[in-house]
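Colleague: One letter stands for each residue in the lines below.
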Amino acid sequence: MGYTLIYSQVTEYIPYLLAGAWISLQIVILAFSGGMFFGLILASIKTFGNLTLRRIVIFYVTFFTNTPQLVQIYFLFFALPEIGILLSPFVAVLIGMTLNAAAYMCEIQRAGFLSIRQNELDAARTMSFSIVQQVRFVILPHIMKVLFPPLSNHYILMTLGTSMAAIFGVEELTGRAFNINSETFRSVEIFSITALVYIIITFIATLLLAIIGKYFFKAKIRIIQ
Amino acid sequence: MDRLIQELPSFLSIWNIIFLLKAMGVTFLLSLIGCLVGFSFGTLLAIFRKTKSALLIPLRILIVIYTEIFRRVPFLVSLLLIFYIFQIVKITDSLFIIAIVTVCLIATAFISEIVRSGLESVNQTQWDAAKAMNFSYYETLKEVIFPQAWKVIFPPAFSFFILFIKDTALASQIGVMELTFAGKVLNNKGFSPILVFGTVLILYFILSFPLDRFGKYMERKYATN
Amino acid sequence: MQQIKINDINAYYDDYHVLNNVSLSIDKGHIVSIIGPSGSGKSSLLKLLVGLLLPKSGTISISNKIINYTNKDHLNYARNKTAIVFQQYNLFQNMNVLKNVCIAPYKIQKRKKEEVEEQAIKLLDKVGLKNKLNSYPEELSGGQQQRLCIARALAIRPDIILLDEPTSALDPIGTVKIEDLINVLKNDYTIIIVTHNMQQAARVSDKTAFLLSGEDRCGILIEYDYTQNIFSNPKMKETEDYITGRFS
Numbered sequence: 001m002g003y004t005l006i007y008s009q010v011t012e013y014i015p016y017l018l019a020g021a022w023i024s025l026q027i028v029i030l031a032f033s034g035g036m037f038f039g040l041i042l043a044s045i046k047t048f049g050n051l052t053l054r055r056i057v058i059f060y061v062t063f064f065t066n067t068p069q070l071v072q073i074y075f076l077f078f079a080l081p082e083i084g085i086l087l088s089p090f091v092a093v094l095i096g097m098t099l100n101a102a103a104y105m106c107e108i109q110r111a112g113f114l115s116i117r118q119n120e121l122d123a124a125r126t127m128s129f130s131i132v133q134q135v136r137f138v139i140l141p142h143i144m145k146v147l148f149p150p151l152s153n154h155y156i157l158m159t160l161g162t163s164m165a166a167i168f169g170v171e172e173l174t175g176r177a178f179n180i181n182s183e184t185f186r187s188v189e190i191f192s193i194t195a196l197v198y199i200i201i202t203f204i205a206t207l208l209l210a211i212i213g214k215y216f217f218k219a220k221i222r223i224i225q
Numbered sequence: 001m002d003r004l005i006q007e008l009p010s011f012l013s014i015w016n017i018i019f020l021l022k023a024m025g026v027t028f029l030l031s032l033i034g035c036l037v038g039f040s041f042g043t044l045l046a047i048f049r050k051t052k053s054a055l056l057i058p059l060r061i062l063i064v065i066y067t068e069i070f071r072r073v074p075f076l077v078s079l080l081l082i083f084y085i086f087q088i089v090k091i092t093d094s095l096f097i098i099a100i101v102t103v104c105l106i107a108t109a110f111i112s113e114i115v116r117s118g119l120e121s122v123n124q125t126q127w128d129a130a131k132a133m134n135f136s137y138y139e140t141l142k143e144v145i146f147p148q149a150w151k152v153i154f155p156p157a158f159s160f161f162i163l164f165i166k167d168t169a170l171a172s173q174i175g176v177m178e179l180t181f182a183g184k185v186l187n188n189k190g191f192s193p194i195l196v197f198g199t200v201l202i203l204y205f206i207l208s209f210p211l212d213r214f215g216k217y218m219e220r221k222y223a224t225n
Numbered sequence: 001m002q003q004i005k006i007n008d009i010n011a012y013y014d015d016y017h018v019l020n021n022v023s024l025s026i027d028k029g030h031i032v033s034i035i036g037p038s039g040s041g042k043s044s045l046l047k048l049l050v051g052l053l054l055p056k057s058g059t060i061s062i063s064n065k066i067i068n069y070t071n072k073d074h075l076n077y078a079r080n081k082t083a084i085v086f087q088q089y090n091l092f093q094n095m096n097v098l099k100n101v102c103i104a105p106y107k108i109q110k111r112k113k114e115e116v117e118e119q120a121i122k123l124l125d126k127v128g129l130k131n132k133l134n135s136y137p138e139e140l141s142g143g144q145q146q147r148l149c150i151a152r153a154l155a156i157r158p159d160i161i162l163l164d165e166p167t168s169a170l171d172p173i174g175t176v177k178i179e180d181l182i183n184v185l186k187n188d189y190t191i192i193i194v195t196h197n198m199q200q201a202a203r204v205s206d207k208t209a210f211l212l213s214g215e216d217r218c219g220i221l222i223e224y225d226y227t228q229n230i231f232s233n234p235k236m237k238e239t240e241d242y243i244t245g246r247f248s
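Those protein sequences? They're chains A, B and C, same order as listed. In case it helps, the numbering used here puts the first sequence at residues 1 to 225. In case it helps, the numbering used here puts the second sequence at residues 1 to 225. In case it helps, the numbering used here puts the third sequence at residues 1 to 248.
By construction, these hints were calculated from the structure, which means they are not laboratory data. Just to be clear, a hint being listed does not mean it is correct.
[Stated by the list, open to error] To be clear about the criterion: a stretch of chain B counts as covered by chain A if any three or more of its residues have a C-beta under 8 Å from a C-beta of chain A, and this derived list gives those stretches:
(1) 180 to 192
(2) 203 to 209
[Claimed, not checked] From the structure, some residues in chain A lie toward chain B, with a derived Cβ separation under 7 Å:
(3) Val71
(4) Ala79
(5) Leu160
(6) Ser163
(7) Thr174
(8) Thr184
(9) Ser187
(10) Val188
(11) Phe191
(12) Ile193
(13) Thr194
(14) Ala195
(15) Tyr198
(16) Ile199
Backbone N, C-alpha and C define an ideal beta-carbon position, used for all residues, glycine too.
Chain A extracted, bound-state conformation:
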């Protein structure tokens, strides 16, 4: 084995690397929010809309959940210029992740809609709750509790998914690891540190989500085991 691990050679790059994590965070928060918003619209159409609209949504969701996010972004990045739409790498990744997220969130949120229990609504109606009060006191709390675990889980998956952006040159965490790698060639050191950063980031995220879930939504998430 003619290679020795020299971590000291890469320590000077660590601040640069960590700054990339901030860009990853931006990507995931934007894509997640966008995905939730569009997902909600899609879920509403799929639950309440007319047949044609429902079919369109079903087609959209089926397509985006049965194809890889990477290839979806490849398509946006390479194919759109053909018809004159030029996207920067960051925007292409963002749009790709948002469209992908919307499809999955549509399904997650639809499950939330379907979990509303009619008998609770009936009880509220007989106690003269107005529609707004029914939504506020019966429907929303219940839906939030049901939706929180799968949405949190998807958030973590999306955080890991941002690493794809590196392939398109975006200087988020993995992208910066690529850069440092091409400068120092200390590949194992760099990528092991990057892996560690991802582990720490997702742990912090899971912890925060667990706390938020417990106190605001009374939804429980496991951290480990």
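Let chain A serve as the given structure and place chains B and C on it in line with the hints.
Modeller: Chains B and C alone, transformed into the frame defined by chain A:
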């Protein structure tokens, strides 16, 4: 649009079609082997993780660390890390083998969680009854717990298999000749990216969608049993 | 002959002191009821005997042999001598009626398959489930499931049978069937029944033990005597309060 129609015949040449089909095969193989190995080792990990003896604490800690690492690091970063480690250790030059190893390591981590959930879904009372009749830990698992846990394990495990097919797209980044890489090759050859990546998306869809339907059909069948 | 001797047992669930210096001895061939309010440690006493709960201090002897529940041979001995029927049945959901009864004798006690099956069919006939050999637990009524549990317990050829609230989830007819069964079994086995049904204890058992949660929330044995003494002439005030339904 006219470019697309112009290119179509040369794009759909026999060579290209065979090339793409072979690449589809590689994608499918990566996911299949990964999941089969993942299921075998994942089950082993789940069994050992649920042991209670104090002697095995180091083993249980190792298993937890392993599972958390490979579930919290993006596929791309794991792949590159293992790629570079292989370069140092020089066991093999084959990109396919490196990809298979990565895929197996990741699948094992995820599936061991699925199996563990399945085992935990079986009521504690079944363990108590077996224990009171002097069943050993392994006898209980074999005769009582696993037959009941299987119903809870199979749907998410199969679902993971389908999801994993999409994850293998990232293996393209180290040059494994799977479907996404085939797309990149054809794109570099000069074919229209709309055509190329559109076709790749459709091929992934053809791979994933029937399996997804089959999975849902099996789920309904198991549920009514 | 004293078949079971429980000596000064203290047991805990984590920090919760569930049994406090409980001493009890049970003679061979007797039926003993353990009564008391919920949370007084009655079920925990049974769990101690089969090794599902370990005592912090005190000893348990079965047939004059002191059992160290952390020793594998002792544990095997205890679990072969005693059989327990749980409150929630705990039938193996993935096995049919016949297999539920056969599995432990065949796989754990390593007896011959033909002998085990023959015994199983006889036992199932005895409890009235002869026609249900191929049914699964979820297809049986509550009473049938309970009787299946008893057959399963008898199949391992114990000396002592432990019943945890055997009829609390059953209708009156089911309850009668179980009590009839217990009366049939009393000739061949030592039986301990945990029940919150005092009439049942009065009907069925030779001796009764009364467990209570004290002010500091521990399972304390208040009184243990022949059933007729407990119910007509209780020595302790707490016993009298419980039996007459008087609680401060």
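Colleague: Please go over all the hints and tell whether each is borne out by the structure.
Modeller: Now for the hints, and whether the structure bears them out:
1. 180 to 192: holds (count 5)
2. 203 to 209: The restraint on the stretch 203 to 209 of chain B holds, since 4 of its residues have a Cβ under 8 Å from chain A and three suffice.
3. Val71: Holds. Min distance 6 Å.
4. Ala79: OK, holds: alanine 79 of chain A within 7 Å of chain B, min 4 Å.
5. Leu160: Holds. Min distance 4 Å.
6. Ser163: Holds, because the Cβ-Cβ distance from serine 163 of chain A to chain B comes to roughly 4 Å (cut-off 7 Å).
7. Thr174: Status holds, d = 6 Å.
8. Thr184: It is violated, given that the least Cβ distance between threonine 184 of chain A and chain B is near 12 Å, above 7 Å.
9. Ser187: Hint holds; serine 187 of chain A Cβ to chain B Cβ min 4 Å, cut 7 Å.
10. Val188: 5 Å, holds
11. Phe191: Because about 4 Å separates phenylalanine 191 of chain A from the closest Cβ in chain B, which is inside the 7 Å limit, the hint holds.
12. Ile193: 10 Å, violated
13. Thr194: Holds - the Cβ of threonine 194 of chain A comes within 7 Å of chain B, reaching about 5 Å at its closest.
14. Ala195: With Cβ-Cβ at 4 Å, under 7 Å, it holds.
15. Tyr198: At about 5 Å, which falls below the 7 Å cut-off, the nearest Cβ of chain B leaves the hint on tyrosine 198 of chain A intact, so it holds.
16. Ile199: 5 Å, holds
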